[in-house]
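Please construct the entire structure, taking both the sequences and the accompanying hints into account.
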Amino acid sequence: MADINQVVTRVLLLTDHLFVPHRVRLETDLSSDMPELMIDRHMMEQVLMNLVLNAIQAMRSGGVLTISTIVEEAHCLVRVRDSGCGISSSVLPRIFDPFFTTKNEGEGTGLGLSVSLGIVERHGGRIMVESEVGKGTTFTVSIPLSTERYAIGRFS
Amino acid sequence: MKGLRVLIVDDEPLMRLSMLDALEGVGCEVMAAATGTEGVTVLGTRQFDVVITDLRLPGADGLTLLKVCKERSPTTEVILITAHGSVDTAVGAIKLGAYDYITKPFQMDELLLIVERVGKILGLRRENLELKEVLEDRFSFGGCMERISRCTPCWNA
Numbered sequence: 001m002a003d004i005n006q007v008v009t010r011v012l013l014l015t016d017h018l019f020v021p022h023r024v025r026l027e028t029d030l031s032s033d034m035p036e037l038m039i040d041r042h043m044m045e046q047v048l049m050n051l052v053l054n055a056i057q058a059m060r061s062g063g064v065l066t067i068s069t070i071v072e073e074a075h076c077l078v079r080v081r082d083s084g085c086g087i088s089s090s091v092l093p094r095i096f097d098p099f100f101t102t103k104n105e106g107e108g109t110g111l112g113l114s115v116s117l118g119i120v121e122r123h124g125g126r127i128m129v130e131s132e133v134g135k136g137t138t139f140t141v142s143i144p145l146s147t148e149r150y151a152i153g154r155f156s
Numbered sequence: 001m002k003g004l005r006v007l008i009v010d011d012e013p014l015m016r017l018s019m020l021d022a023l024e025g026v027g028c029e030v031m032a033a034a035t036g037t038e039g040v041t042v043l044g045t046r047q048f049d050v051v052i053t054d055l056r057l058p059g060a061d062g063l064t065l066l067k068v069c070k071e072r073s074p075t076t077e078v079i080l081i082t083a084h085g086s087v088d089t090a091v092g093a094i095k096l097g098a099y100d101y102i103t104k105p106f107q108m109d110e111l112l113l114i115v116e117r118v119g120k121i122l123g124l125r126r127e128n129l130e131l132k133e134v135l136e137d138r139f140s141f142g143g144c145m146e147r148i149s150r151c152t153p154c155w156n157a
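Protein chains in written order, with this note's numbering: chain A, 1 to 156; chain B, 1 to 157.
Please note: incorrect hints may appear among the correct ones.
[Unchecked claim] Using 30 Å as the maximum straight-line C-alpha spacing, the simulated DSS-like pairs for lysine-lysine come out as follows:
1. B:K95 <-> A:K135
2. B:K2 <-> B:K132
3. B:K104 <-> B:K67
4. B:K2 <-> B:K67
5. B:K95 <-> B:K70
6. B:K104 <-> A:K103
7. B:K95 <-> B:K67
8. A:K103 <-> B:K132
9. B:K70 <-> B:K2
[To be verified] Label pairs and their in silico Cβ distance ranges:
10. B:P74 <-> A:G134: 20 to 30 Å
11. A:R60 <-> B:D88: 47 to 57 Å
12. A:E130 <-> B:Q107: 37 to 47 Å
None of these hints come from the bench; they were simulated from the model. Heads up, the beta-carbon is just placed ideally off N, CA and C, and yes, glycines get one too.
Shown next, in the form of structure tokens:
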């Protein structure tokens, strides 16, 4: 059981030192009435960390990182939005493929998104992406509030 | 799970052998110890990604091993093997930092599934660390240049 806002806050604490040097302005909009979720806190932390790090990397000349949490239609949504380079529509369908990466050598193994998707799906959730080249990208992690879905495993 | 470094600690030889077999079969690098004390010693000799240990052991018990492991290497994940009916202890152990627990008797497949999950999260953690380093490196180079340009040339002092 975990409070998703706490997970987000912890991720931001761990990545805090990267914002100013990369000229990234952080905006948060964490909904105050988030229910406790049956999620593996450690795994979700790594998933959100991966999204935040990818976002910072996408904003090579600085920008705005917006993180928001909200409950919508019995789902908990965590949105990570950046104002970076965006993902082209030709690349977009492949970003969750294991080992697919658009990064340079040594900048990531290409496992981040595929593993993250696996973790979220095991929680009965989804990851949605919207992107526009030159404008930015929004990753939305959606996890159902219903506890019946969590019979999948004790901690995932 | 290839190359995942696993330490098994169990006082039942057959159990050790079965787990060793199953884990090596999926590509893990496995070492085994028969007592808690031996486990603690082996922990001190090298880095492990995963430790699978019985709760009840001769010498240092599973919980002690868990504590020592977490102190020495917080990123090493510990999976506890518990006897049926000791769920309280198991949940308590999770609070102490164990990643998960499995109740005897269990199928090897069950254990492998847990190890696979640990493998994935370790992979994601490693990736995030790498990404962080890349982002930090970029900064320190830039920061360095800034500091150099702000330095007062010594002949002006």
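Earlier hints that do not hold, by number: 1, 6 and 10
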